[in-house]
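Protein sequence lines correspond, in order, to chains D and U. Just so we're aligned: 198 in the numbering used here is position 198 of the first sequence, and the numbers increase by one with no gaps anywhere. Just so we're aligned: 215 in the numbering used here is position 215 of the second sequence, and the numbers increase by one with no gaps anywhere.
Errors might be hidden in some of the hints.
It does not matter which identical chain is meant; a pair holds if it fits inside one copy or across any two.
[As the list claims (entries may be wrong)] When the alpha-carbon atoms are kept at most 16 Å apart in a straight line, the in silico EDC-like pairs for lysine to aspartate or glutamate are as follows:
id	residue 1	residue 2
1	250	61
2	90	61
3	37	269
4	114	183
5	298	230
6	37	259
7	37	82
Rather than coming from a laboratory, the hints here were simulated on the basis of the structure.
Number of protein chains: 2
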Amino acid sequence: MRKFDHAILAMSMTLAIGATLATAAAQTAGSYDELAKSEAAANAENGKRVAPAKTMGNPADEVSPEMEAIIGAPYPPHFNADPKTAAEWKELIERRAKLSIANLPAMKEKLGVKVEETKIAGVHCFIVTPAKIPPENRRRILVHVHGGGYVFGPGEAALPEAILMAGFGGFKVISVDYRMPPDFPYPAAMDDAMAVWKDVVKRHDHRRIAIFGTSTGGAMTLAMVLRAKDEKLALPGAIAPGTPWSDIDKLGDSYASNEWIDNVLVTWDGWLGRAAKLYANGTSLRNPYISPIYGNFKGFPPTILTTGTRDLFLSNTVRTHRKLRRAGVIADLNVYEGQSHAQYQVNVNAPETKEAFTEIAKFFDKYLEE
Amino acid sequence: MRKFDHAILAMSMTLAIGATLATAAAQTAGSYDELAKSEAAANAENGKRVAPAKTMGNPADEVSPEMEAIIGAPYPPHFNADPKTAAEWKELIERRAKLSIANLPAMKEKLGVKVEETKIAGVHCFIVTPAKIPPENRRRILVHVHGGGYVFGPGEAALPEAILMAGFGGFKVISVDYRMPPDFPYPAAMDDAMAVWKDVVKRHDHRRIAIFGTSTGGAMTLAMVLRAKDEKLALPGAIAPGTPWSDIDKLGDSYASNEWIDNVLVTWDGWLGRAAKLYANGTSLRNPYISPIYGNFKGFPPTILTTGTRDLFLSNTVRTHRKLRRAGVIADLNVYEGQSHAQYQVNVNAPETKEAFTEIAKFFDKYLEE
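Whenever a hint applies, use it, and build me the whole structure from the sequences.
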């Protein structure tokens, strides 16, 4: 009767998981009406939204084959990485950096961009220069703060976005190689970025400078303006926070609605949330220099935001957009069909990559002084 | 042994539903690492995204209590309605119309708006006039095409959005009570809207006229501009398609990603898709006057689009936005945190309702001639 016992156990489990199983079974069995009934029952309570397991294909239209391959890719192997020591973090960081650096020669070649190392105010930086800078951009300069959850993207691994912006936009870019955990938690990254900012505004008219960056770099872009305001420094003429990590905690609707749908970050509960805590290092996750959504956006320069419909940070982006608009700031929002987190900067050959950076470049051209 | 047989059957079913069940069980059991493993396995195939069943609360921040109540409400009872006859459709349409009409007196009162019936070019219309029209809006006029999946919103039931726009924006609005299925499928609705448009541009400078509408009304707004272009008529000075049903078929990523998460439309497979087929009545769902996403947006007037992160039509909206931008059109996009389909127009007292209509009014003020 051993088999019988197991079977009974299986039945009990089935009963225990209740509506969720009914939903899964109904969906798998293909009975839409059963599913509709069970979902209606599961969604009868105020303030609680329940959705069944789902299987999606690639977006149907207006997505290039290059972007479709990116959108349809499996989860990255490290999405649930859980490094226990500084050494384990460094091994993971190093492994991912190599992947990023491997793409650089082809990108530089395609976009005709050169890269030089330098130090600004003691901070290691890269100067990224396109072969052709149009006349209106000759006196303009962009400051780049890279993404990577405050842990990834050290050194040259930070360069892809800077190269895309320099190449597609025709701008000279200073990319800040700020210090990061595990060795340097908050506020090292922000201190480095601000040291560079202070130096750059001494040597250039601030109205000709923009700050940009994606994900963590988007949050830092916003936090830099908050700090510049607080420290009475000159503000940039425009900013482009791409899908900013504006709430570093798991707060915001798309952390739930796009969980397991975004194939880049996948979930806050993997490496991402672990990096958040490693970076904050005990400082409140609601500190506006860490989660800029809690800052005061009044007086911000014109801002262009970018995200995708599957992005885990869709809410981070639209919450930022709305808060800027409520503060009376000029703020543009571009949301790309089907894209998960920051996929507009993965492949230099995807038309959507050129499109996203061209939108940002046009925005800078509109709002920066010549 | 009857019980045993059933238990074996339960086990077989369990095996049959495979990964989906594993996911549901893992999630219910609360083992995050188990879930992460099973999801990684389920997402190992290119072009296929699998997400487990999920339970979400209300959005955490920047959402008013009024909007939170709307976002957290159960599914509407009719989401899976399947009327089999014209009489059954009419009964459902009438029942829903009464709910809409019941709200009108309080809305009119609060916003100080009056409504008069009229006929324009033989089409039944309402003239919606706010008590105060600011000087810059005195010669401007808005044409409103209501939402409701081409079946809902007959007569006065169409008025809530027109009243909100007139009241919050300070504009005179003509709301078109176009003919609908089951009696009048495509192209009756579009023919009525175009008849009104032709008459209105005869009597007013087209640069002082905007067209707006939400959902079906958003699609009709876009389709009216397409038809005006094709028929060499004057174009409006600006348009505001709110979360437009720009692809009437189940094409677009958020039809899947926000299915069962949007608590207004819930799924295309309910009444919505049935209404699509009833309306098209055999005409291709890819006809640009039915699914305007397949039209040519070149030469379109400045356009402002509105949607929410949980909106089943998030992709309809952002696909439209991107296609407009690619055609070189001035196009603004506003996406509201946590909102399902068209929830920015449900409660006249929600701050987000005022915010959405004020954004649209400012956009019209910027682009319409005085």
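Right, here's what the structure says about each hint:
1. 250 x 61: between (31 Å within a copy, 11 Å between copies)
2. 90 x 61: neither (40 Å within a copy, 35 Å between copies)
3. 37 x 269: Between copies, since 13 Å is at most 16 Å while 31 Å is not.
4. 114 x 183: neither (30 Å within a copy, 66 Å between copies)
5. 298 x 230: So residue 298 and residue 230 pass the 16 Å test inside one copy only (12 Å; across, 45 Å).
6. 37 x 259: between (24 Å within a copy, 14 Å between copies)
7. 37 x 82: between (39 Å within a copy, 13 Å between copies)
Hint check: violations occur at hints 2 and 4; the rest are consistent with the structure.
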